[in-house]
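Spelled out, the chains give:
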Amino acid sequence: AQTVTQSQPEMSVQEAETVTLSCTYDTSESDYYLFWYKQPPSRQMILVIRQEAYKQQNATENRFSVNFQKAAKSFSLKISDSQLGDAAMYFCAYPRSYQLTFGKGTKLSVIP
Amino acid sequence: KAGVTQTPRYLIKTRGQQVTLSCSPISGHRSVSWYQQTPGQGLQFLFEYFSETQRNKGNFPGRFSGRQFSNSRSEMNVSTLELGDSALYLCASSAEQGRKGEKLFFGSGTQLSVL
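Protein chains in written order, with my numbering: chain A, 1 to 112; chain B, 1 to 115.
Some hints here could point you the wrong way.
[What the hints assert, rightly or not] The calculated lysine to any residue pairs, modelled on SDA-like cross-linking and capped at a C-alpha distance of 20 Å, are: (1) B:K100 to A:A16; (2) B:K100 to A:F68; (3) B:K100 to A:S30.
[Claimed, not checked] Distance ranges between label pairs, derived from CB positions: (4) A:D81 to B:R73: 36 to 42 Å; (5) A:S28 to B:T5: 33 to 39 Å; (6) B:G16 to A:T5: 33 to 39 Å.
Please keep in mind that the hints were generated in silico from the structure rather than gathered at the bench.
For glycine and all other residues, C-beta sits at the position ideal for the given N, C-alpha and C.
From just these sequences and the hints, can you work out the full model?
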C-alpha cells in the first residue's frame, strides 16, 4: 500500500526567507507522479506543484521548487522568498487508482 | 472558467439524520471525487465517479453513498449521521478519469457538524 509521511506537523519561516517542507513516500511502482497541495484558511486545496517520477529534473513553479530523490523516496518542497500569503497547510500527495493518498500535512506560519 | 462549487458551505445536523452534499465540477470535467478531512484522520478518499459510474470507493461504511448526474454534477449522501461524521467534505474534479498524474481541482468544501 502506498503511504505518504510528512514528519513536520508545524514549521515557521521569516518573511522573505526560504523554507523546506519534507515528505517521504512508499511505493513499488517505478512510473508515478507526486503532488504538493496548499490549503489556506479558505479551505480550498490548491495544487502547488507536480513531479513526474521518470523525469530527473526537479519541478519548479515560480518560488516553489521540489527536491525529488527517487531512490530515497523523498519529495521535499522548497519555498523561496516566503510571503505572508504562503501561510497554509501543505500536503504531499501520491495519486494511484483514481485517488490521492495524502500525508498528514505541515502547517506553515510566515512571520512578518 | 468557474471552479469547483460545493454547496452548502456549512451544515449542522443532529445524530441520526441524513445529509446530502452537492458538487458542481469545472465545466467539461467528467470525473468527480470526494474526500473527508478530519483533524484526526486527515484526508481520506471516499469515492470517485466518472460518466455517472462509481469507479472506486474508499474504506467507508455503506452509510456513505454518492451519485453523479449526466451533467457531471455529483452528490454525496450520509445517512444515520454519527458524531464522528463531523468533518470537512471536499470535492475534486478532473478532466479525465485514470490518466496518470491527472491534476485534481478542489472546491472549498462543506463543513459538516453533527451534534
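A quick look at each hint next to the structure:
no. : hint                       : result
1   : B:K100 to A:A16            : violated (35 Å)
2   : B:K100 to A:F68            : holds (18 Å)
3   : B:K100 to A:S30            : holds (12 Å)
4   : A:D81 to B:R73: 36 to 42 Å : holds (40 Å)
5   : A:S28 to B:T5: 33 to 39 Å  : holds (37 Å)
6   : B:G16 to A:T5: 33 to 39 Å  : holds (37 Å)
Violation of the numbered hints given earlier is confined to hint 1; every other hint is satisfied by the structure.
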